[in-house]
Amino acid sequence: MGADTTDTRMQRLRMNLAAVYARASVRVKASFRESSWVVGETIFPFLAMSAFVLVYRGLHAPREYEGFVVLGGAMIAYWNNVIWGMASQFFWEREQGQLQLYLITPVSRMSILIGMALGGIVMTTTRALAILIGGILLFHVDLPLDRALPAFGLFVLTLGAAYSLGMILSSLFLLWGREVWHTATILQEPIYLFSGFYFPVSAMGTVIAVAGSILPVTLGLDGIRQIFYGKAAHGFLPLHWIPPIQVALTALFLVIAGAMLRHMENLGKHEGRLTVRGD
Amino acid sequence: MRRLIRILRTSAWLGWQVEANWADPLLFLVYAVARPLATTLILFYMVKVVSQGHAPTDTFRFLFIGNTFFLYVTEVLVGLSWTVFRDREDYETLKYIYVAPVRLMPYLLGRAVTRVGTATVGVLVSLLFGRLVLGLTIGVPGTSWLLVIAAVALGLIGVLWLGIILAGTSLVVARHSMNLNEGLSGLFFLLCGAVFPLDVLPRAARAVSLALPFTYWLELLRRMLTGRGFATSLAGFSDGDLWRVIALATVALCGIAFLWFGWCERFARSRGLIDYKTNY
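Protein sequence lines correspond, in order, to chains A and B.
Going by numbering that gives the first Met the number 0, the residue at position 224 of the first sequence is 223; the numbering climbs one at a time, nothing skipped.
Going by numbering that gives the first Met the number 0, the residue at position 49 of the second sequence is 48; the numbering climbs one at a time, nothing skipped.
None of these hints come from the bench; they were simulated from the model.
Because the structure is a prediction, the values reported are computed rather than measured.
There may be inaccurate statements among the hints.
[What the hints assert, rightly or not] With a cut-off of at most 20 angstroms between alpha-carbon atoms, the simulated DMTMM-like pairs for lysine to aspartate or glutamate come out as follows:
hint : chain 1 : residue 1 : chain 2 : residue 2
1    : B       : K47       : A       : E188
2    : B       : K276      : A       : E92
3    : B       : K47       : A       : E63
4    : A       : K268      : A       : E92
5    : B       : K276      : B       : E264
6    : A       : K230      : A       : E63
7    : B       : K276      : B       : D89
8    : B       : K94       : B       : D274
9    : B       : K47       : B       : D57
Please construct the entire structure, taking both the sequences and the accompanying hints into account.
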């Protein structure tokens, strides 16, 4: 009896891991298969970021400010992936009639979302790397690479928290109609502002910076800038506070995401909205 | 002509319904102004942190005007391409519009009117925000507001034709190629010097910038609203020169749009792409 239960659990675990792999691999393969996508995801976002580097250059700002923009530009790539590739993905799937296929599979919804997140991270990393490498080579942005390891550690923690937040948003977006489109748009530039993607978040004052820090990308970026530029980064929170906060946010967001997903799916079934298209 | 106006009016109304009927007008207004206000404030804080809290108003005013009016470019270029993708793949209505007795180009121009309307709200609110909240002076004693409106309209016509060119491209590419269209908008944002003086661009990029009509458009608007030019590279151009460049570019874009869109439409039909569905 005990062995049977263990076998069943193992089988379920294998199936969920396979679902994670399957969902992630679709994204990874697709992102390299379509050449226009590769160009669109790498070169063009770099150009948009460059405009903000040139704003600082036009203002004769200290060179580290250009570094702030390059790091912010790389982080924007991930935030946009969280919004468009995680949060709103179930909406797109529903619009295309595929959501019900996910729901009838014998795997956890979380596995599908984790697969989306991992695939999205791989896909977006090409874009973020293009921004970082382009920033260093073309704008000669000073990024002290001897501090890259701790910065990478904090970056990984930040991604964990950000994509966990994406899972929460995904469950919310699951039931929404066309307002998803507009909501996702509202979560771009205003978030670029409140998270301080192009300038230190502390510049907006304590109250706004605290509010902005609910988003993991805000604190993550603040911490990464502090690692690279020290006091010149005008950090908001002491650096050693940030990693535990990111870990706590990840755990909290994952628990909330699991509960929200179950709740929203049940609500959707009761209201018959899981298969509605063009709403 | 009357038929064309009817198509434009109907598709503009449809565009409005698609864009706005999910929310009450106040919520929609928030959506329409959130983006331009956010980018305005991003620039404001960028200038503020550099100047340690004493933002040079004049410099910021140039950035503000460029960024505000560039909203038209982003909204129309990206919006029109998305119209094609959404009609084709999400609502699956493009094929029905294609078989209806309306041409695709006037239909899309009508849909663009909605985008222009949304962008206009964003621009006006941004200008008011700049004037009332940030304390910027918009316009100088010699500013002719009728001429400002005419300049905005002329540039906007050029933007619309460029939007049609991109919409044509969208007919023959997969949905994720939307990145290209969004990227092109980013490219213009960079090369037109919307938020920085052209003179900080590398020489090669500056040459490309001077080949883009929107560079002249933003410079003309800045001159009209601040009383002086922003880009040293354009100092040799009189206001009349700027008007002529923009007018000629608009005519050229119109011609290219007709040829390119026609080719794309024929290609899409011959390859069965009118009801193409792509999503990963």
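Going through the hints against the structure:
no., hint, result
1, B:K47 - A:E188, "holds (18 angstroms)"
2, B:K276 - A:E92, "holds (12 angstroms)"
3, B:K47 - A:E63, "holds (15 angstroms)"
4, A:K268 - A:E92, "holds (16 angstroms)"
5, B:K276 - B:E264, "holds (16 angstroms)"
6, A:K230 - A:E63, "holds (11 angstroms)"
7, B:K276 - B:D89, "holds (9 angstroms)"
8, B:K94 - B:D274, "holds (6 angstroms)"
9, B:K47 - B:D57, "holds (13 angstroms)"
No hint from the list above goes unmet by this structure.
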